[in-house]
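**Student:** From first to last, the protein sequence lines are chains A and R.
If you read the first sequence in numbering that gives the first Met the number 0, its first letter stands for residue 0, the second for the next number, and so on.
If you read the second sequence in numbering that gives the first Met the number 0, its first letter stands for residue 0, the second for the next number, and so on.
Don't read these hints as lab results, they were simulated from the structure.
This one's a predicted model, so the numbers in the text were calculated from it and none came from an experiment.
Incorrect hints may have been included.
[Said to hold, decoys possible] Okay, the calculated bits of chain A under chain R, using three or more residues with CB under 8 Å as the criterion: (1) 27-38; (2) 147-161; (3) 174-183; (4) 236-248; (5) 269-283.
[As the list claims (entries may be wrong)] Computed beta-carbon distance windows for the label pairs: (6) LEU137/A / VAL315/R: 16 to 24 Å; (7) LEU278/A / TRP180/R: 34 to 42 Å; (8) ALA192/A / ALA93/R: 55 to 63 Å; (9) LEU166/R / ASP132/A: 35 to 43 Å.
We put the CB at the ideal spot given by N, CA and C, even for glycine.
Spelled out from the first residue to the last, the chains are:
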Amino acid sequence: MSLAVTRTRPRALATFAAARPGAVIASLLLGIVALACLFAPLIAPQDPFDLSSFDLLDSELPPFWQEGSDARFVLGTDAQGRDLFSAILYGTRISLLVGILAVVIQAAIGVPLGLCAGYFRGRVDSMVSRAADIQLSLSTLMMAIIVMALVRAGFGGEVLGRFAVPLLVLVIGLAEWPVFARTARAATLVEGAKDYVRAARALGSTDGAIVRRHILPNILSPLVVVATTQVAGAIMAEAALSFLGLGMPVTKPSLGTLIRSGYDLMFAGAWWVTVLPGLVLIGVLISVNVLGDALRDWLDPRRRTR
Amino acid sequence: MKALAAGAAFFARRLFQALLVMLAILVIAFAVRTSLGDPLREIMGQAVPESERAELRHELGLDAPWPVQLARYLGDAATGDLGTSIIYKKPTVAAVLAKFPASFELVLGASLIVLLLSLPGGVYAAVRPGALGTKLVLSVSVLGISVPVFVTGIILITVFSVWLGWLPAFGRGETVDLGPWQTGLLTRDGLEHLLLPALTLSSIMLPLFIRLVRGAMLDELGHDYVRTARAKGASPLRVWLVHALRNALLPLVAVGGLQVGTLIAYTLLTETVFQWPGMGFLFLEAVTRADIPLITTYLVLVGLLFVITNTIVDLVSLMLDPRVSLEATP
Numbered sequence: 000m001s002l003a004v005t006r007t008r009p010r011a012l013a014t015f016a017a018a019r020p021g022a023v024i025a026s027l028l029l030g031i032v033a034l035a036c037l038f039a040p041l042i043a044p045q046d047p048f049d050l051s052s053f054d055l056l057d058s059e060l061p062p063f064w065q066e067g068s069d070a071r072f073v074l075g076t077d078a079q080g081r082d083l084f085s086a087i088l089y090g091t092r093i094s095l096l097v098g099i100l101a102v103v104i105q106a107a108i109g110v111p112l113g114l115c116a117g118y119f120r121g122r123v124d125s126m127v128s129r130a131a132d133i134q135l136s137l138s139t140l141m142m143a144i145i146v147m148a149l150v151r152a153g154f155g156g157e158v159l160g161r162f163a164v165p166l167l168v169l170v171i172g173l174a175e176w177p178v179f180a181r182t183a184r185a186a187t188l189v190e191g192a193k194d195y196v197r198a199a200r201a202l203g204s205t206d207g208a209i210v211r212r213h214i215l216p217n218i219l220s221p222l223v224v225v226a227t228t229q230v231a232g233a234i235m236a237e238a239a240l241s242f243l244g245l246g247m248p249v250t251k252p253s254l255g256t257l258i259r260s261g262y263d264l265m266f267a268g269a270w271w272v273t274v275l276p277g278l279v280l281i282g283v284l285i286s287v288n289v290l291g292d293a294l295r296d297w298l299d300p301r302r303r304t305r
Numbered sequence: 000m001k002a003l004a005a006g007a008a009f010f011a012r013r014l015f016q017a018l019l020v021m022l023a024i025l026v027i028a029f030a031v032r033t034s035l036g037d038p039l040r041e042i043m044g045q046a047v048p049e050s051e052r053a054e055l056r057h058e059l060g061l062d063a064p065w066p067v068q069l070a071r072y073l074g075d076a077a078t079g080d081l082g083t084s085i086i087y088k089k090p091t092v093a094a095v096l097a098k099f100p101a102s103f104e105l106v107l108g109a110s111l112i113v114l115l116l117s118l119p120g121g122v123y124a125a126v127r128p129g130a131l132g133t134k135l136v137l138s139v140s141v142l143g144i145s146v147p148v149f150v151t152g153i154i155l156i157t158v159f160s161v162w163l164g165w166l167p168a169f170g171r172g173e174t175v176d177l178g179p180w181q182t183g184l185l186t187r188d189g190l191e192h193l194l195l196p197a198l199t200l201s202s203i204m205l206p207l208f209i210r211l212v213r214g215a216m217l218d219e220l221g222h223d224y225v226r227t228a229r230a231k232g233a234s235p236l237r238v239w240l241v242h243a244l245r246n247a248l249l250p251l252v253a254v255g256g257l258q259v260g261t262l263i264a265y266t267l268l269t270e271t272v273f274q275w276p277g278m279g280f281l282f283l284e285a286v287t288r289a290d291i292p293l294i295t296t297y298l299v300l301v302g303l304l305f306v307i308t309n310t311i312v313d314l315v316s317l318m319l320d321p322r323v324s325l326e327a328t329p
């Protein structure tokens, strides 16, 4: 069940992919988006963070398929004359960055705790499990909203804007560790009872070495599946916070900020400023979720045959 | 008689825990207030000489050691006084509670939609696995999970308000006063205003509940009593709805009840999109204008709502299912 095993079966992967065209499209889409974000400075026609380069005369231009569009701005412009295509590229970059970093923190806290709980069991297990229950009963989104709101009210919007990325990563990262802890714990309970672990112990391996070298590599697959869906959740949380004005500032917009700042223009007829970043966000989230579903089925041999 | 006593003991313990949690929330709120807010600003503004400030500070007991201040805050809280709002210049509790009907009616509308759609949808997906309709229900629910609630709202507004012009896009519309409760449910205008926000809010809860209903139904359908009921000749519809669904509702109450915090967050987002004058909308206004007393009051009241719902959910689960262990329940 380890990743190494699945990698050696390209033909099985091809058959699996053929049965799931949705997953293939999702992976392609995500690949393109990831590359576009990575090379955003090379692709984007404009630097969306450089406010001085905008021209108010270019404001609220429609995208290319509408009348009155400008060839310089493929997807139109916002109220400040910012090129929407460039803004979306950079915005997706920030959204993905925050989403992935937040999940890294979740895993960094949750996986070791889950490993310890599953390996040592007993009191360690009940303490970790209890803490996870309490943490999960407090809604992540609500806790994140409260923390960001207090930072904003207490220190002002400017401080919030300057430290938005680390704050978002921390707030979203710290709240969701139980998801990883529970997955790691359940998988460790199964692996820890197996013969190879007993053999390693009999050979004199220390607990730390057994957990790191034997158990961890064998529980990676469920963790990878969880990580995928968690990235979708983190991206959504970041977008929600930014939409509320409790995340990325207008000067460094993520997709959520773009949706918020374009929202006022919608009733003036410039619907694309808010709807286009929204569609990109939906596209990314659906792709990640579809990919996560496919990964779960692929890594679980019992479900693969379906 | 013994069960009744055990039930009462459970109730008492649960109540005690709830009070303890509320106490913790109040202490946190107090800490936030004293570290982020300046009570003097609430009363006299910025442009007052320092000597006068010091005098007033002493008069109000703000130079007292923090345990004394905390005791006073808790004492006031017990009588329902959590401070005065800077923006509204009136008691914060009254300011937040005035917005409660709007939020409540929004959640009520959304819950009705969720109930009306998730029960038939989930039961259908459970009893007809593999059917085209089931695949449709399940893929729509994957889609629903992937679309953030505020984007749903924006798309609905774009289509039904901006393009088609059928429904209003913001506010509550015409309301009627029923004593202190301002309702939008009694006028046509109010109901029209409620439709889009309620649909938006339900869109995010619906996928979760369809999955829950389906999962719980699948569990129940595998039990022996279902086979027995079928064997004695009960119609399939009766077996599904009277036998299985009733038992499937139990885990639903428990899991659904745990979603209160998330529901409050989603309500806040929906209220922002539709400029719905509810508690969440008020909270964000308080945040933008740094009205610390109003912010902490909102947090305390939301915490209270959270604690009350969780306690009720526990008690309801107990009443619905006598098998819920009185000892093991945390």
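**Student:** CB of LEU278/A to CB of TRP180/R, is that within 34 to 42 Å?
**Tutor:** holds (40 Å)
**Student:** With respect to the beta-carbon atoms only, verify the hint that LEU166/R and ASP132/A lie 35 to 43 Å apart.
**Tutor:** Once the Cβ atoms are compared, 42 Å apart, the range 35 to 43 Å for ASP132/A and LEU166/R holds.
**Student:** Checking C-beta pairs, does the region 27-38 of chain A have three or more residues closer than 8 Å to chain R?
**Tutor:** Violated - the region 27-38 of chain A has 0 residues with a Cβ nearer than 8 Å to chain R, which falls short of three.
**Student:** Assuming the hint says 16 to 24 Å, is it satisfied by the Cβ distance from LEU137/A to VAL315/R or not?
**Tutor:** Holds: the Cβ-Cβ distance is about 21 Å, inside 16 to 24 Å.
**Student:** For the region 269-283 of chain A, do three or more residues have a beta carbon lying closer than 8 Å to a beta carbon of chain R?
**Tutor:** Check passed, 6 qualifying residues.
**Student:** Quick check: the region 236-248 of chain A, covered by chain R? Criterion 3+ residues, Cβ under 8 Å.
**Tutor:** As far as the region 236-248 of chain A goes, the hint holds, because 6 residues have Cβ atoms under 8 Å from chain R.
**Student:** Test coverage of the region 174-183 of chain A by chain R using CB-CB distances below 8 Å; three residues minimum.
**Tutor:** violated (count 0)
**Student:** Just tell me: holds or violated, for the beta carbon distance of ALA192/A and ALA93/R against 55 to 63 Å?
**Tutor:** Hint holds: Cβ distance 59 Å, inside 55 to 63 Å.
**Student:** Examine the region 147-161 of chain A for residues whose CB is less than 8 Å from any CB of chain R, and state whether their number is three or more.
**Tutor:** holds (count 6)
Hints 1 and 3 from the earlier list are contradicted by this structure; the remaining hints agree with it.
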